[in-house]
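> Here the protein sequences line up with chains A and B, keeping their order.
So the first sequence is numbered by the working numbering: it starts at 1 and just counts up by one.
So the second sequence is numbered by the working numbering: it starts at 147 and just counts up by one.
These aren't lab readings, by the way, just hints derived from the structure by calculation.
All figures in this text were calculated on a predicted structure; none of them were measured in a lab.
Be careful, since some hints might not be right.
What the hints assert, rightly or not - Once the Cα atoms are required to be at most 25 Å apart in a straight line, the calculated SDA-like pairs of lysine to any residue come out as: (1) LYS197/B x GLY103/A; (2) LYS109/A x LYS184/B; (3) LYS223/B x LYS138/A; (4) LYS227/B x LEU105/A; (5) LYS138/A x ILE236/B; (6) LYS53/A x GLN177/B; (7) LYS223/B x LYS184/B; (8) LYS135/A x GLU102/A; (9) LYS227/B x PRO172/B; (10) LYS197/B x TRP27/A; (11) LYS29/A x LYS153/B; (12) LYS109/A x ILE236/B; (13) LYS135/A x THR26/A; (14) LYS29/A x VAL186/B; (15) LYS35/A x THR245/B; (16) LYS184/B x ALA67/A; (17) LYS89/A x LYS197/B; (18) LYS35/A x LEU158/B; (19) LYS29/A x ASN193/B; (20) LYS197/B x PRO172/B; (21) LYS29/A x THR140/A; (22) LYS29/A x ASN159/B; (23) LYS197/B x ARG178/B; (24) LYS153/B x GLU99/A; (25) LYS35/A x PRO151/B; (26) LYS223/B x ILE77/A; (27) LYS244/B x ASN193/B; (28) LYS223/B x LYS42/A; (29) LYS89/A x ASN28/A; (30) LYS184/B x PHE92/A; (31) LYS89/A x LEU188/B; (32) LYS223/B x GLN61/A; (33) LYS89/A x LYS244/B; (34) LYS197/B x THR26/A; (35) LYS109/A x LEU185/B.
What the hints assert, rightly or not - To list a few chain B residues with every Cβ distance to chain A over 12 Å, as calculated: (36) MET152; (37) ASP164; (38) GLY176; (39) GLN177; (40) ASP180.
Backbone N, C-alpha and C define an ideal beta-carbon position, used for all residues, glycine too.
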Amino acid sequence: MNPMRRSLAAALAVIVLKPFAALATTWNKEGFGAKTPADALKTLGAANPVASKDLLIEAPQIAENGAVVPIEITSNIPGTTSLAVLIDKNPFPLVGKFEFMEGALPFVKLNVKVGESSDVRVIAEAGGRHYVATKEIKVTIGGCGG
Amino acid sequence: MAAGPMKMRATLNGGVTDVRVLITHPMETGQRKDPDGKLVPLHFIQNVTVKLNGRTVVESQISQGISRNPVFTFRIKGGAKGDRIEVSWIDNHGETNKTETAVA
Numbered sequence: 001m002n003p004m005r006r007s008l009a010a011a012l013a014v015i016v017l018k019p020f021a022a023l024a025t026t027w028n029k030e031g032f033g034a035k036t037p038a039d040a041l042k043t044l045g046a047a048n049p050v051a052s053k054d055l056l057i058e059a060p061q062i063a064e065n066g067a068v069v070p071i072e073i074t075s076n077i078p079g080t081t082s083l084a085v086l087i088d089k090n091p092f093p094l095v096g097k098f099e100f101m102e103g104a105l106p107f108v109k110l111n112v113k114v115g116e117s118s119d120v121r122v123i124a125e126a127g128g129r130h131y132v133a134t135k136e137i138k139v140t141i142g143g144c145g146g
Numbered sequence: 147m148a149a150g151p152m153k154m155r156a157t158l159n160g161g162v163t164d165v166r167v168l169i170t171h172p173m174e175t176g177q178r179k180d181p182d183g184k185l186v187p188l189h190f191i192q193n194v195t196v197k198l199n200g201r202t203v204v205e206s207q208i209s210q211g212i213s214r215n216p217v218f219t220f221r222i223k224g225g226a227k228g229d230r231i232e233v234s235w236i237d238n239h240g241e242t243n244k245t246e247t248a249v250a
C-alpha cells in the first residue's frame, strides 16, 4: 500500500468508526447475551446475592399477554445504586439494568416480555453488596395455561 | 415499524418527581418471523438516559426483552416545578431520539 492510499484508508476508517465512538455508551454485551440467569448474574458481579425483604416486586400473578407484562420495582435497601431485572426462563434472561444517581429513587416501572411462566428476579446493589428478590409470573398465551 | 416519537410527563407529587415516558420503538427480538417467513432482524433500544436540569439521574441498559413501545416510570427526589427533564435513547442500529419537558 502506498502512503497516499494508506492515508485515504485511515481517513475512511475515521469517517466510518467515528459515529460509533461518539455514540458509544455502556452496554453489558456479555450479560445481555447470557442464556442462563447464573451467567448473567456473574457479569453483574452478583453471583451470590443475599435475599432481601426490602426489595419489592409488583407484578401480575397471571399475565394473559406475555408480550407486555408490567413490573414495578422498589428498593427500600438504604444506599441502593442500581436495580437489574431478569426473567429466568426467557432466552436471554437479563432484560435491564438501571443505575440511579443525583436524587433518583431506586424505583422503576417497566413492561417486559415473558415467554413462558417464569420467576422474575431483581438484583439490587447497595454499598458494594448485592441483594435479590423473586416473584413468579404465570403466562397464559393462547389460553393453554402455564 | 420504525422508531417514532416519544411522549413524556413529569409531575411533582409530595417532593418526588414522577417521570413517565413512552418511546415508540419496535423492540424486535430477532426471533419473530414476518408474514413471508423471514426472520425480522434484531432491533432494540440499548440505553435510556434520564437527565434533570442537564445532570444524569438514571442510566439504563436494556435488552430486546423489554416490550414493544417501551413505557418507563422513574422517580426523582428533590425536583421542583419548571425543572427540565430530558430522556434520550439509543438503539443497536445507532438510531437515537430524545424529548424534554418541564416538571409540572
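> If a hint holds in the structure, say so; if it doesn't, say that too.
Verification of the hints:
no.: 1; hint: LYS197/B x GLY103/A; verdict: holds, 11 Å
no.: 2; hint: LYS109/A x LYS184/B; verdict: violated, 33 Å
no.: 3; hint: LYS223/B x LYS138/A; verdict: violated, 34 Å
no.: 4; hint: LYS227/B x LEU105/A; verdict: holds, 18 Å
no.: 5; hint: LYS138/A x ILE236/B; verdict: violated, 31 Å
no.: 6; hint: LYS53/A x GLN177/B; verdict: violated, 36 Å
no.: 7; hint: LYS223/B x LYS184/B; verdict: violated, 47 Å
no.: 8; hint: LYS135/A x GLU102/A; verdict: violated, 29 Å
no.: 9; hint: LYS227/B x PRO172/B; verdict: violated, 33 Å
no.: 10; hint: LYS197/B x TRP27/A; verdict: holds, 18 Å
no.: 11; hint: LYS29/A x LYS153/B; verdict: violated, 28 Å
no.: 12; hint: LYS109/A x ILE236/B; verdict: holds, 19 Å
no.: 13; hint: LYS135/A x THR26/A; verdict: violated, 28 Å
no.: 14; hint: LYS29/A x VAL186/B; verdict: holds, 20 Å
no.: 15; hint: LYS35/A x THR245/B; verdict: violated, 34 Å
no.: 16; hint: LYS184/B x ALA67/A; verdict: holds, 20 Å
no.: 17; hint: LYS89/A x LYS197/B; verdict: violated, 33 Å
no.: 18; hint: LYS35/A x LEU158/B; verdict: violated, 40 Å
no.: 19; hint: LYS29/A x ASN193/B; verdict: holds, 12 Å
no.: 20; hint: LYS197/B x PRO172/B; verdict: holds, 24 Å
no.: 21; hint: LYS29/A x THR140/A; verdict: violated, 31 Å
no.: 22; hint: LYS29/A x ASN159/B; verdict: violated, 37 Å
no.: 23; hint: LYS197/B x ARG178/B; verdict: violated, 34 Å
no.: 24; hint: LYS153/B x GLU99/A; verdict: holds, 22 Å
no.: 25; hint: LYS35/A x PRO151/B; verdict: violated, 32 Å
no.: 26; hint: LYS223/B x ILE77/A; verdict: holds, 16 Å
no.: 27; hint: LYS244/B x ASN193/B; verdict: holds, 12 Å
no.: 28; hint: LYS223/B x LYS42/A; verdict: violated, 31 Å
no.: 29; hint: LYS89/A x ASN28/A; verdict: holds, 19 Å
no.: 30; hint: LYS184/B x PHE92/A; verdict: holds, 21 Å
no.: 31; hint: LYS89/A x LEU188/B; verdict: holds, 19 Å
no.: 32; hint: LYS223/B x GLN61/A; verdict: violated, 30 Å
no.: 33; hint: LYS89/A x LYS244/B; verdict: violated, 32 Å
no.: 34; hint: LYS197/B x THR26/A; verdict: holds, 16 Å
no.: 35; hint: LYS109/A x LEU185/B; verdict: violated, 30 Å
no.: 36; hint: MET152; verdict: holds, 15 Å
no.: 37; hint: ASP164; verdict: violated, 9 Å
no.: 38; hint: GLY176; verdict: violated, 10 Å
no.: 39; hint: GLN177; verdict: violated, 7 Å
no.: 40; hint: ASP180; verdict: holds, 16 Å
Of the numbered hints stated above, those contradicted by the structure are hints 2, 3, 5, 6, 7, 8, 9, 11, 13, 15, 17, 18, 21, 22, 23, 25, 28, 32, 33, 35, 37, 38, 39, listed in ascending order.
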